[in-house]
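Enquirer: Order-wise, the sequence lines are chains A and B.
First residue of the first sequence: 1, per my numbering; consecutive thereafter.
First residue of the second sequence: 1, per my numbering; consecutive thereafter.
Read the hints as simulated data drawn from the structure, not as lab findings.
Hints may contain errors.
Copies of one chain are not kept apart here, so a pair can be met inside one copy or by any two copies together.
[What the hints assert, rightly or not] No more than 20 angstroms apart at the CA atoms, straight line, and that leaves these computed lysine to aspartate or glutamate pairs for DMTMM-like:
(1) 364 - 354
(2) 363 - 137
(3) 87 - 140
(4) 171 - 338
(5) 347 - 181
(6) 363 - 181
There are 2 protein chains.
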Amino acid sequence: MAPVFSDFDKKMMRRCFQLARKGQARVHPNPMVGAVIVKDGRIIAEGYHHYFGGPHAEVEAFKNAKEDVTGATLYCNLEPCCHTNKKTPPCTPLIISKKIARVVVSNIDPNPEVSGKGLQQLREAGIEVQAGLLAEEGEELNRFFFVSMREQRPYVTVKVAQSVDGFISAKRGSQTWLTGDKSVRYVHRLRSFHDAVLVGSGTIVSDDPQLNVRYARGPNPKRIILAPHLQVPLNAAVFSDKHTEQTVVITSDLAASHKVKALEEAGVTVYRLPGTADGLLDLNDVMRVLWEKFKIHSLLVEGGQKVFSAFLNAGLWDEWIVLQAPKILGQGVTALSDVKPTAFTLKKIVRLGEDAALIFTKKKSDKAS
Amino acid sequence: MAPVFSDFDKKMMRRCFQLARKGQARVHPNPMVGAVIVKDGRIIAEGYHHYFGGPHAEVEAFKNAKEDVTGATLYCNLEPCCHTNKKTPPCTPLIISKKIARVVVSNIDPNPEVSGKGLQQLREAGIEVQAGLLAEEGEELNRFFFVSMREQRPYVTVKVAQSVDGFISAKRGSQTWLTGDKSVRYVHRLRSFHDAVLVGSGTIVSDDPQLNVRYARGPNPKRIILAPHLQVPLNAAVFSDKHTEQTVVITSDLAASHKVKALEEAGVTVYRLPGTADGLLDLNDVMRVLWEKFKIHSLLVEGGQKVFSAFLNAGLWDEWIVLQAPKILGQGVTALSDVKPTAFTLKKIVRLGEDAALIFTKKKSDKAS
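Just chain A, with the same shape it has in the complex:
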């Protein structure tokens, strides 16, 4: 029987989400987790996971408790961990030792090393355990974590800045600035909480982007450049600025060796994949490399036309964000080319000054079950 939660339980879990969010852009690829300890209907301590490698939310909450937690309820949006092959000690023994009476969580940890085992340990210690409170909200909060764990690939956010008539640039090979300041800050914020951003070689040529975080707080993501033929200028920003160790070029066996060498000498990581019959890269291969080799859990795809179209056609995306600029270009490079009809679900609309961000997810029936 599914547990029945009170309004107070929900309020406490929402507080966990709120606390968890404070770790955004700092904890990834870990999930964001918040914890609240309640005794006699009163919050006596709170905690959250601050940064990757730092103490877990439960540990923080216990640390912040100024009174005895014996018999208290612990709310936590994610199942407490019980595995040991990681940076921090497991949380379940601590919870048991603190004589917590009840544990309420939103989501079960999808990590196969935990996945229900943490809760089981708590139950075996005589603690009342309930899971599934506001599970959808919890899953949305940590969508990068859940989807990447489930699909064993990075969570993919695609960001397309386009005119009302669907163009991303007025002319091939040159950049057209479409969106306003608020959209720029929005994009930099997106970058700050994704592990990596990805563009194609065409975007390097036309826009020469820095692909870092300047108009938001947070760490710079890794910069992934898809360049099957390595037709990119060596003096591009991503190959010549102070952060070339953050740049990964994925190329094919068609790439000229001297160019690979030059990039490597500049501090760039170059990864070769076998090219496809049409001289391109297989996106499934790319995703596997990003996941296994580079431990990328979340990926922000920023262009251009070929890259957008390939990700759409391969179904390798989770969120499709259209930044709609209030402009008609009349002609230019369309966001997509040679794509198959696709149905979206509208998740959210955000007004960004004069631009509108339309955030789409996959239509339910199209999602892999």
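With chain A's structure known, arrange chain B on it following the hints.
Expert: This is chain B only, laid out in the frame that chain A set:
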């Protein structure tokens, strides 16, 4: 010196706007007007213009007053009328005879027969008169009225239902249903408060629309069909349903006479304009005819590609509404073709179920001053 209005004044004017809106879809082409009578800081009567040809808001308010209005303040979003060549008697003599002490209005009537003269008459009668309270909101409420009076043409709302990649149909000559139920109701509501809807002959051929109000309350608009060569099937809904007297075809001297005759026999009004050199219609001519001959004050343009593109290029539009469906079509007929770059201002975003309505207006600098 500009008058200083109190928060109470603003509250009363917002109430006028609220009352005025009750006449939407019933009073056009008249403006929507509401009136509130206040005495000793208390509303003692309210009224609004209910339907075209009916009593004005001020008259309604006086009728509803259950106590003596002597010395009261009259709030009204539009300057009271003083001209006589119309359906109802002028309001200024009534206001004077009722011994109103103060009159506060939002907007001056742009009708040259009134335009300040109404307020002048009140002032000359010793009444304290103030204008300009929440003038922008008042102008927005009656934008059809103000723009059409000023520009001497219908206010033009363009409604484009399109996919995320900018297509209005997957294939030329056939209809693609893009938007959901809420968008359909939204469009029918738009129709209900515009004097007329307009489409090109291509839309009649591909969609065979009824262009009436079925999924909203309110009157059916006139149906304007632009068909320079009269290449339209005589059995189309707009030419053969029970409301052909609502259909106006605007064609050129290139149209075959027998077809004109057949349409006229079906009850359709056919208006011939000289064709342009490229065998099309001059939109400025069309607008003049709609304004002068058919007294159209507000026009909803519903398609298709040629019509959208012509209105955009001619700058003959006031509101550009994009109904963004959550779909990628990949190919098909684009909303626009051969248009010049145009900058919009984002006025409003409305979520309509799975669709997003982006409402644009002209960029301020592009507006005729």
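Enquirer: It remains to establish, for every hint, whether it holds in the given structure.
Expert: We went through each hint and held it up to the structure:
1. 364 - 354: between (30 angstroms within a copy, 13 angstroms between copies)
2. 363 - 137: Result: close within a single copy only, 18 angstroms intra versus 39 angstroms inter.
3. 87 - 140: Answer is neither: 25 angstroms inside a copy and 60 angstroms across each miss the 20 angstroms cutoff.
4. 171 - 338: both (18 angstroms within a copy, 15 angstroms between copies)
5. 347 - 181: So residue 347 and residue 181 pass the 20 angstroms test across copies only (17 angstroms; inside, 23 angstroms).
6. 363 - 181: Answer is between: at 17 angstroms across copies they meet the 20 angstroms cutoff, but 31 angstroms inside does not.
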